[in-house]
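Participant: From first to last, the protein sequence lines stand for chains A and B.
With the UniProt record's numbering applied, the first sequence corresponds to residues 1 to 196, in that order.
With the UniProt record's numbering applied, the second sequence corresponds to residues 1 to 196, in that order.
Hint data in this document are derived by calculation from the structure and do not stem from the laboratory.
Watch out, some of these pointers could steer you wrong.
As the list claims (entries may be wrong) - Derived BS3-like pairs (lysine-lysine); straight-line CA-CA distance at most 25 Å:
{"no.": "1", "chain 1": "A", "residue 1": "Lys97", "chain 2": "B", "residue 2": "Lys195"}
{"no.": "2", "chain 1": "B", "residue 1": "Lys18", "chain 2": "B", "residue 2": "Lys30"}
{"no.": "3", "chain 1": "A", "residue 1": "Lys195", "chain 2": "B", "residue 2": "Lys196"}
{"no.": "4", "chain 1": "A", "residue 1": "Lys195", "chain 2": "B", "residue 2": "Lys18"}
{"no.": "5", "chain 1": "A", "residue 1": "Lys150", "chain 2": "B", "residue 2": "Lys196"}
{"no.": "6", "chain 1": "B", "residue 1": "Lys22", "chain 2": "A", "residue 2": "Lys30"}
{"no.": "7", "chain 1": "A", "residue 1": "Lys30", "chain 2": "B", "residue 2": "Lys27"}
{"no.": "8", "chain 1": "B", "residue 1": "Lys97", "chain 2": "A", "residue 2": "Lys150"}
{"no.": "9", "chain 1": "A", "residue 1": "Lys196", "chain 2": "B", "residue 2": "Lys196"}
{"no.": "10", "chain 1": "B", "residue 1": "Lys133", "chain 2": "A", "residue 2": "Lys196"}
As the list claims (entries may be wrong) - DEER-style ranges, computed between Cβ atoms:
{"no.": "11", "chain 1": "B", "residue 1": "Asp192", "chain 2": "A", "residue 2": "Glu78", "range": "21 to 29 Å"}
{"no.": "12", "chain 1": "B", "residue 1": "Ser178", "chain 2": "A", "residue 2": "Thr174", "range": "35 to 43 Å"}
{"no.": "13", "chain 1": "B", "residue 1": "Val15", "chain 2": "A", "residue 2": "Ser86", "range": "48 to 56 Å"}
{"no.": "14", "chain 1": "A", "residue 1": "Glu101", "chain 2": "B", "residue 2": "Ser47", "range": "52 to 60 Å"}
{"no.": "15", "chain 1": "A", "residue 1": "Glu181", "chain 2": "B", "residue 2": "Gly28", "range": "32 to 40 Å"}
{"no.": "16", "chain 1": "B", "residue 1": "Arg129", "chain 2": "A", "residue 2": "Ser80", "range": "40 to 48 Å"}
{"no.": "17", "chain 1": "A", "residue 1": "Val39", "chain 2": "B", "residue 2": "Ser47", "range": "44 to 52 Å"}
{"no.": "18", "chain 1": "B", "residue 1": "Gly179", "chain 2": "A", "residue 2": "Lys133", "range": "35 to 43 Å"}
{"no.": "19", "chain 1": "A", "residue 1": "Ala31", "chain 2": "B", "residue 2": "Arg53", "range": "25 to 33 Å"}
{"no.": "20", "chain 1": "B", "residue 1": "Ser178", "chain 2": "A", "residue 2": "Lys195", "range": "18 to 26 Å"}
{"no.": "21", "chain 1": "B", "residue 1": "Asp192", "chain 2": "A", "residue 2": "Ser86", "range": "16 to 24 Å"}
{"no.": "22", "chain 1": "A", "residue 1": "Ile69", "chain 2": "B", "residue 2": "Val43", "range": "48 to 56 Å"}
For every residue, glycine included, the Cβ atom is placed at its ideal position computed from N, Cα and C.
Number of protein chains: 2
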Amino acid sequence: MARIQTEKDVSRKEVILKASAKLFREKGYKAASMRDLAVKVGVEAASLYNHIRSKAELLHDICFNVANIFFDHILVVETSDEPAISKLESLIRFHIKQMIENFEEVYVNDREWRYLSEPYFSNYQNQRRSYRKRFAAIIQQGIEQGQINKIDASTAVLIILHAIGGIESWHRSTHKISGEELEENMVTILIDGLKK
Amino acid sequence: MARIQTEKDVSRKEVILKASAKLFREKGYKAASMRDLAVKVGVEAASLYNHIRSKAELLHDICFNVANIFFDHILVVETSDEPAISKLESLIRFHIKQMIENFEEVYVNDREWRYLSEPYFSNYQNQRRSYRKRFAAIIQQGIEQGQINKIDASTAVLIILHAIGGIESWHRSTHKISGEELEENMVTILIDGLKK
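If we strip away everything but chain A, and leave its shape as in the complex, we get (with noise of 0.2 Å):
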């Protein structure tokens, strides 16, 4: 029979996703096996199976969650009544954000989500280029309206989730500047640019 999920079972899940997002940022998917993550939460490993399925499911869960978080944001920015150039600002700053803040899952779920399983796969698929669309017509409203600079917004959005993508180096890195300063930093880069 199915026990009743407590509450203890669900900060139970949390507590094993957040280390498969450790695990998997460090090992690859791939090389991650059940047993690592064990190690990594301290438990036995059969005993990781009384509250999840398997390591696709793990996956599944961060990729999920993590394009939930993003789409939960464009769509307040969106339906704000700010102008195109603010719009594209507080993405920047969103996704900034998440790297440094959320960056386990969101190097994860950028790295690794080519090893979900179907249906979730093509889905998965999908969504981000459904995302990019999105991110790309704010931009393109930007430019209409005289805002932005005249560029391809679809490269645009390429080059920006890039050089976002770059903060994986930063937290590597050992000269580091803190969080803010990182922001501000690329906000001015991009958002100013190089040259004053």
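For this one, chain A is given, so just place chain B on it according to the hints.
Facilitator: Using the frame of chain A, we list chain B on its own:
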């Protein structure tokens, strides 16, 4: 007795190097085999060894060739009389062009250099640090001369190089603007910023 190296040998080696860069990008250095390379070149695996000693030698050659290209260029930039902001633009354009025109080699250099064996690995790591320091020094010079926005120069280098690294996905993209357009888009975003 060793054969005397002819011009034909040199160009044969170049063909092998080119093919190995493509192979290492597609499969990764670790996973790629000399057999895979022989198939790509269209010869027997054994005959590759008339031209090269090992898979390691190929990675070594690719990385040090790429390093030479960038070091030669930054030296020209450093010794020119241009203002710092123009020097920076020249560096950015050079990186973009290399990512477009010399893609396989630059990509392999960036991703796979960690598989270099010693003493090349440590030597190469130092060269990378040195290159970034010289890149950052040009930005710092521009900040001090009031030509470049006040940012952390080392962080700016990371952001710029990651943004340019994103050209990797342009190569895979179906919605493809031309190389020239890509360069102009990137320069606009990085130098002038997104804000009009």
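Participant: All the hints need checking, so say for each whether the structure fits it.
Facilitator: Against the structure, the hints:
1. Lys97(A) - Lys195(B): 21 Å, holds
2. Lys18(B) - Lys30(B): Within the cut-off at roughly 17 Å; holds.
3. Lys195(A) - Lys196(B): Judged against 25 Å, a Cα distance of about 13 Å means the pair holds.
4. Lys195(A) - Lys18(B): Violated, because 37 Å separates the two Cα atoms, which is more than 25 Å.
5. Lys150(A) - Lys196(B): Distance ~8 Å between lysine 150(A) and lysine 196(B) Cα, so the pair holds.
6. Lys22(B) - Lys30(A): Holds, because 24 Å separates the two Cα atoms, which is no more than 25 Å.
7. Lys30(A) - Lys27(B): 16 Å, holds
8. Lys97(B) - Lys150(A): Given that 25 Å is the threshold and the Cα spacing comes to 21 Å, the pair holds.
9. Lys196(A) - Lys196(B): 13 Å, holds
10. Lys133(B) - Lys196(A): 21 Å, holds
11. Asp192(B) - Glu78(A): 21 to 29 Å: Holds, at about 26 Å.
12. Ser178(B) - Thr174(A): 35 to 43 Å: Given about 39 Å between the Cβ atoms, the range holds.
13. Val15(B) - Ser86(A): 48 to 56 Å: Roughly 53 Å apart at Cβ, these two residues keep to the hinted range, so it holds.
14. Glu101(A) - Ser47(B): 52 to 60 Å: 55 Å, holds
15. Glu181(A) - Gly28(B): 32 to 40 Å: 35 Å, holds
16. Arg129(B) - Ser80(A): 40 to 48 Å: 43 Å, holds
17. Val39(A) - Ser47(B): 44 to 52 Å: 47 Å, holds
18. Gly179(B) - Lys133(A): 35 to 43 Å: 23 Å, violated
19. Ala31(A) - Arg53(B): 25 to 33 Å: Given range 25 to 33 Å: holds, Cβ gap about 30 Å.
20. Ser178(B) - Lys195(A): 18 to 26 Å: 24 Å, holds
21. Asp192(B) - Ser86(A): 16 to 24 Å: 18 Å, holds
22. Ile69(A) - Val43(B): 48 to 56 Å: 51 Å, holds
In the structure shown, a violation is registered for the earlier hints numbered 4 and 18, in ascending order.
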